[in-house]
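Take the sequences, apply the hints, and build the full model.
Protein sequence lines, in the order shown, are assigned to chains A and B.
Quick note, the working numbering runs 35 ahead of the 1-based positions in the first sequence.
Quick note, the working numbering runs 76 ahead of the 1-based positions in the second sequence.
In silico SDA-like links for lysine to any residue, alpha-carbon gap of 20 angstroms or less:
1) A/129 - A/45
2) B/201 - A/69
3) A/83 - B/291
4) A/68 - B/120
5) B/201 - A/71
6) A/129 - A/43
7) B/201 - A/79
8) B/201 - A/114
9) B/201 - A/93
10) B/201 - A/67
11) A/68 - B/206
12) B/259 - B/272
13) A/107 - A/36
14) B/259 - B/362
Please keep in mind that the hints were generated in silico from the structure rather than gathered at the bench.
Model, not experiment: these values are computed from the prediction.
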Amino acid sequence: MTTEEQLDELQETLDMFADPADRADLLIGFADKFTEVPADVATRPWPKSHQVPQCESDAYVWAMLQPDRRLKLHFAVENPSGISAKALAVILDKVYSGQPAEDVLALDTEIVERVFRQNISMGKGMGLKSMVLAVQALTRDALKRMPA
Amino acid sequence: MSNIDKGYAHPEALVTTEWVAEHLHDSSVRLVESNEDPLVYPSGHIPGAVQIDWTADLNDPLKRDYIAAADFAALVSRFGITPETTVVLYGDRNNWWACYAFWVFQLFGHTNARILDGGRLKWEKDGRPMTREVPAYAASSYPVPSTRDDVVHRAFREQVLAHSEVGGQLVDVRSPDEYTGAKLHMPEYPQEGAMRGGHIPGAKSVPWARAINPEDGTFKDAEQLKAIYLGEKGLDLSKETIAYCRIGERSSHTWFTLKYLLGFEKIRNYDGSWTEWGNLVGVPVAKGPEA
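Right, dumping it as structure tokens:
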């Protein structure tokens, strides 16, 4: 599936869970699938350079480029109540891992509102948008380091 | 009641995670979770805990005010709470919203309320059980409180203005940048309209989270709190004091700290806070660091 198709599928899923309680269940279901960054990529203490700024859930991001310039995302979320951050991590990984790295640079942070809708608090919203921006910043860095 | 021994003026206002674990099946105790993040409770909570949402349950849906006494009685009756029930509040963000709910419970005279020291963070870090099962309790018949006790616990803008003008004690619990006027919102939060930035003249700046041990969300002990509020800031616990923040939620946390942990005798929460003061025509605003 292309990134476009992945995003369309995500939107279809979100549309099916329009009711706030149903949407909350869906998001918690995503969070349940969260897996922490593997030890061959990073181990605690996580490097500050991978920390998402302004994220109350204390989230970390790794954007790895495969030899074919496809992306692989990894995350860590230190706050045990960081359910929203875990849900977003799972969504970003599902949509963008395995896709051309450049695709994630086109992502609008508005995805946070589309995904979470009523199930978001003021502070969490900013933190989650910051998570998207961190993914993009680290991807840009990785692309710069990649031999042409 | 409490097994807290940190030198507080009213240690009975707090309970430990151990105490809660021992009372999970105590029908005279009702656990109430109150969070900022609406996903947190359904993702797992302390067994037997019900949820009170600060927006949907405690605020009037139309005007900027709290629910009426009849609505409070209906709300707590839904959870089988009676005036004799010991209500233990806890939540995310170091009990920020739990303290806000606790404050609203005090407005309606439900004094048999406690805060779980450390809230969700401590409970989870202790590795204690969580569940997704939402409990159902037989509805109780909670008598409608005769009044909402605003006078004792709540400060209104005219009172705050008069208090400021005579040099009364004010505690601004927002972030340093909000206090100085550099920002109109707290870090990581969106811009929320206020026409002016700064603080109420005479207010001392003590960000609310200074009262917390960040590693587990528990309150600092009395000596540490005294060092901040009485020593460093020179507040007098016998004097009338008003705490404020942006909408009255962070200042509920400081209100709890000062009233129950340090024993401030006359402390009120200005829930209009900066979203009101920063938009009021003609009131004085001070900018810059603490004088």
